[in-house]
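Residue strings, one per chain:
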Amino acid sequence: MLLGAAPFGLITGVSAVAAGMAALDITLMSLTVFAGAAQLTAVALVGGGAALWVVLLTTLMINLRHVMYSASLAPWLRGESLAARAAIGALLVDHVYAFASLRFPRRERDLDRRDYVLGMGLPMWFTWTTATAVGAFLGAQVPPAWQLDFAVPLMFLALLIPSIQNSPGLVAALTGGGLALALAGLPFNLGLVSAALAGIAAGTAADRILAASPRRRA
Amino acid sequence: MSRPELWVAIAGMALITFTLRSSFLLAANRLTLPPLLRRSLAYVPPAVLAAIVAPALAQPSDAALGPIDLRLVAGALAAVVAWRTRSILATFAVGMAALWGLTWLLG
Chain U
1 MLLGAAPFGL ITGVSAVAAG MAALDITLMS LTVFAGAAQL TAVALVGGGA
51 ALWVVLLTTL MINLRHVMYS ASLAPWLRGE SLAARAAIGA LLVDHVYAFA
101 SLRFPRRERD LDRRDYVLGM GLPMWFTWTT ATAVGAFLGA QVPPAWQLDF
151 AVPLMFLALL IPSIQNSPGL VAALTGGGLA LALAGLPFNL GLVSAALAGI
201 AAGTAADRIL AASPRRRA
Chain B
1 MSRPELWVAI AGMALITFTL RSSFLLAANR LTLPPLLRRS LAYVPPAVLA
51 AIVAPALAQP SDAALGPIDL RLVAGALAAV VAWRTRSILA TFAVGMAALW
101 GLTWLLG
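Protein chains in written order, with the working numbering: chain U, 1 to 218; chain B, 1 to 107.
Bear in mind the hints are in silico, worked out from the structure with no lab data behind them. All values reported here derive from a predicted model rather than from experimental measurement. Take the hints with a grain of salt, since some may be wrong.
[As the list claims (entries may be wrong)] To spell it out: a stretch of chain B is covered by chain U in this simulated footprint if at least three of its residues, at any positions, have a beta carbon under 8 Å from a beta carbon of chain U; those stretches are: (1) 1-15; (2) 34-44; (3) 47-55; (4) 81-92; (5) 95-101.
[To be verified] Short derived list, chain B residues pointing at chain U, Cβ under 10 Å: (6) 18; (7) 19; (8) 21; (9) 22; (10) 23; (11) 24; (12) 25; (13) 26; (14) 58; (15) 71; (16) 74; (17) 75; (18) 78.
[Unchecked claim] Facing chain B, a subset of chain U residues (Cβ under 8 Å, in silico): (19) 60; (20) 74; (21) 85; (22) 133; (23) 162.
Glycine residues also receive a C-beta, built at the ideal position from the N, C-alpha and C atoms.
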């Protein structure tokens, strides 16, 4: 798991510097935001001259899935203190959730669920922030001829393709991607926002249609 | 975006992300997500990520050589690697190597 966070953090640092961001700023972002896909999007948007509200709205959209994680783990953590629940919330990234959601439902008496999440989340947070700082430092030494700004679309590809897990997911991606291309000329990144919303709607509709049909597919 | 404005953006992103992640953990009473919303959340990542990546790759870049855009070719190759390996590092390595190789050969 840490092996995944380290290169991703490195490349996020490298691409932020390539997009014109200061090394300190992207490190600060990793420390406080701790969300790979949202940070990479912010890097791409800031590099492209997007407005503040576009960055915040896309962060909201990309990280909406975390509400689902929070809702799914909450029943097992009700007994914990407010501070512990807040700390767990701050560290509930995709990988931590993926492991916890598999482990929590097992009826293990001696499993301390708070320590389980904190024990995974804290090292990941540290690795992520450190890797970003190292990447930003290294990226600043690299000449533009290396075209390291290409790391941003590459990272999005590496996140996008595994996120397509079934046919409604493919419908969502094709609709979102296709519309974003068609609407790329709209001001204030409105093309991105409306294409993403249409993609989510199309994926949900495809999911409903498939679920209603007798030949149900996973 | 000016540097202070970027700091505001970072603070806003941190606040939004923390609020979303801790929402149900901090809410005292039992809240549940409506099933339709829960389902549509699963399609947020593919829709949003595709909407970001498609224009970024399709835009004619400096590396465009007549009809062939080197970044588009390197991106397509990297997409195949991402699909087969699901590895961030392999996708990055192959994509960058392809871009450098193509630039060296044709650029």
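Checklist entry - Any hints this thing doesn't respect? Which numbers, in order? => result 22
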